[in-house]
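**Q** Below are the chains, spelled out letter by letter.
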Amino acid sequence: MDLLKIYKKILLIRAVENKLDQLFKKGLVYGTAHFCIGQEFIPVVVSQHLRKEDAVTSTHRGHGHALSKDLDVKKFLAELLGDPRGYNTGKGGSQHVSSIDNNFFANGITGGMVPIAVGIAFANKYKQNDNVVVAYLGDGAMTEGYVLESLNMAAALKLPILFICENNFYAMSTHIKKTHSSDINKKAEAFGIKSALVPDNNYKLLYEIAEEFINDTRKGIPHFIEVQTYRHKGHSKNDQNLYRDKSEEQYWFNKDVALIIEDELLSNKYTIEDINLIKTEIDTFVDKISEELIQQGSDIDIDLFKHIYNETK
Amino acid sequence: MIKTYAQAIKDTLDEELMNDPNLFLFGEDIGVYGGCFGATKGLQEKYGNKRVIDSPMSEQAIAGLGIGAALNGLRPVIEIMFMDFITLIYDQILNHASIFSYLSNGEMKVPLVIRVPAGGGRGYGATHSKSLWSALMNIPGIKIIAPSNTREVSGLLRAAIKDNNPVIFVEHKSLYQIKDDVENAEDIIPIGKAKIVKEGNDLLLISFSKMVLDCLEVANKLENEGISIEVLDLRTVKPLDIETIKNSIDKIGKVIVVEEGFPQSGIAAEIIAQINEVCFYSLDGPIKRICTLEIPLPCSPKLENMAIPSKERIENEIRSMLNE
Chain R
1 MDLLKIYKKI
11 LLIRAVENKL
21 DQLFKKGLVY
31 GTAHFCIGQE
41 FIPVVVSQHL
51 RKEDAVTSTH
61 RGHGHALSKD
71 LDVKKFLAEL
81 LGDPRGYNTG
91 KGGSQHVSSI
101 DNNFFANGIT
111 GGMVPIAVGI
121 AFANKYKQND
131 NVVVAYLGDG
141 AMTEGYVLES
151 LNMAAALKLP
161 ILFICENNFY
171 AMSTHIKKTH
181 SSDINKKAEA
191 FGIKSALVPD
201 NNYKLLYEIA
211 EEFINDTRKG
221 IPHFIEVQTY
231 RHKGHSKNDQ
241 NLYRDKSEEQ
251 YWFNKDVALI
261 IEDELLSNKY
271 TIEDINLIKT
281 EIDTFVDKIS
291 EELIQQGSDI
301 DIDLFKHIYN
311 ETK
Chain Z
314 MIKTYAQAIK
324 DTLDEELMND
334 PNLFLFGEDI
344 GVYGGCFGAT
354 KGLQEKYGNK
364 RVIDSPMSEQ
374 AIAGLGIGAA
384 LNGLRPVIEI
394 MFMDFITLIY
404 DQILNHASIF
414 SYLSNGEMKV
424 PLVIRVPAGG
434 GRGYGATHSK
444 SLWSALMNIP
454 GIKIIAPSNT
464 REVSGLLRAA
474 IKDNNPVIFV
484 EHKSLYQIKD
494 DVENAEDIIP
504 IGKAKIVKEG
514 NDLLLISFSK
524 MVLDCLEVAN
534 KLENEGISIE
544 VLDLRTVKPL
554 DIETIKNSID
564 KIGKVIVVEE
574 GFPQSGIAAE
584 IIAQINEVCF
594 YSLDGPIKRI
604 CTLEIPLPCS
614 PKLENMAIPS
624 KERIENEIRS
634 MLNE
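For the record, the sequence lines run as chains R and Z. For the first sequence, the positions run 1 to 313 when my numbering is used. For the second sequence, the positions run 314 to 637 when my numbering is used.
Bound-form chain R, shown alone:
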């Protein structure tokens, strides 16, 4: 496991989200966003086992999924800023960033991409390649009807898809105790899908299970991982987290994977100066691209009606 690489990617995602948060507060960004700080290690770790041809489907909380699938940071940030130089020329925004070149698909409907992920996996099987699809979803999506239909469909058709449920315990403000009466990974198992639970932000366990499961998924067997994690910020930008207990928050802040990996690096060959240099480099990089985007601006004209229908032959 390349710990430094994982650490840097987590910090990058965090820096992009913190920048976005700052820009919101300055009134420089329009709309909303759902921050993944605290749970961004999941796609970073899982992506260590993915190839470019593998597809990832994402959710409303998708910044980490996108950057883990190696989307270009500047083009990605541009999209979040509603800039025509963004991946979707500003039409998509935070919840709908997509890039066919990266095989990355996101949508803001809770669980809505999961049946589509099953379809992407179906096409891979049909074409007899060994690409996999990783479908991210949350604990909220696990109570949506079509997610349950999708689990059954993937199992019945034996499709090469790995479902990853990022269980951060709250569907917006509602705790899973009020919405689930059985374990999430057990639900997937009931459909005949091999499932695993990764508790407590255990990134090492996730790394191992993801490696095994992705290898087996390539052989055409669906898999499911529930990762118990926590988002540090609110559901979306204006959420004050009034429904969460402070001691619970502290418990999870102490389990922040960025901090844990930092400690590990420090106990290996890295010094605090090395760590500070990495942080500065990443922050400077994100500051630089956001300033470029904001200061240069863009006067690219977007034809509002173009591409409503796809006219390619």
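If you are wondering where the hints come from, they were derived from the structure by calculation, not from laboratory data. Idealized CB from N, CA, C, for every residue including glycine. Treat each hint with caution, since some may be false.
Here are the simulated BS3-like pairs of lysine-lysine, each with C-alpha atoms no more than 25 angstroms apart in a straight line [said to hold, decoys possible]:
| hint | chain 1 | residue 1 | chain 2 | residue 2 |
| --- | --- | --- | --- | --- |
| 1 | R | K306 | Z | K506 |
| 2 | R | K125 | Z | K506 |
| 3 | R | K158 | R | K187 |
| 4 | Z | K359 | R | K125 |
| 5 | R | K313 | Z | K359 |
| 6 | R | K194 | Z | K363 |
| 7 | Z | K363 | R | K8 |
| 8 | Z | K506 | R | K127 |
Just so you have them, the derived chain R footprint on chain Z, three or more residues with Cβ under 8 angstroms [stated by the list, open to error]:
| hint | stretch |
| --- | --- |
| 9 | 384-397 |
| 10 | 561-573 |
Since the structure of chain R is provided, determine the placement of chain Z on it from the hints.
**A** Relative to the frame of chain R, chain Z by itself:
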């Protein structure tokens, strides 16, 4: 060559399965059973269960599978058993299939055909008889085709299959067994082009799907009395061919729109609104619409007949408009 509407659909799917290895069929009971109305009968036997696939009863996941497979380079034709069930996949159409091309600036495409039978007249009752095209009409990014006859169903289906966008292909339950000679039928009929199926001078009937046949029957009957009715078949409901409609109205100022959906915010309502915008001053008077009455469709033949536009209702409305 004489075929039924259902046979014409099956033969077209057969040819396209033969031509394009990336095309596959997916839906409930479309294999050995052949689909609820026999429109896929024998295709699984011929192409195997990897290309003609019986799905679980999971409409949303069926739609999602079609969308995902289309995004990943295949050309799926999925079947939803009754148009009443289109509501189950509404989110997948509205929030997913229809937006990928637009948001990706054409880098992504969803060449997906959703075959679905609509219409009443068969006593299937309130949940298996509806014509819900208007529920789909205001979704940007999709197309809706509703063939009215056996000669054209094949050319329109082929156009739908070759299109790179999500197409809702609305078949009609009462048309499946209608026979016609399909010799020299058009191989491919462009999407978005209406057709004048009978020319006339006194009054224009605008319709689509099975109601076109009823309009024609009434128009032919009135021809014997010297009443000259023009009948326009939309063929494609969305995008709407307002040009062809306008050309007819510029010639004939009296207009009735006939459709099998409900009246409020229906396709007829939309057509009337667009006519108002583009050729209001060519009209002789108010446009009339004839629709299914706004009630859950009753099962008994007598009650159902009263609810769905009948030939009698069409004839009466024509006479009343011409006598005004």
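**Q** It remains to establish, for every hint, whether it holds in the given structure.
**A** Comparing the hints with the structure gives:
no.	hint	verdict
1	K306/R to K506/Z	21 angstroms, holds
2	K125/R to K506/Z	37 angstroms, violated
3	K158/R to K187/R	17 angstroms, holds
4	K359/Z to K125/R	21 angstroms, holds
5	K313/R to K359/Z	29 angstroms, violated
6	K194/R to K363/Z	24 angstroms, holds
7	K363/Z to K8/R	44 angstroms, violated
8	K506/Z to K127/R	35 angstroms, violated
9	384-397	holds (count 5)
10	561-573	violated (count 0)
Consistency note: the structure conflicts with the earlier hints numbered 2, 5, 7, 8, 10.
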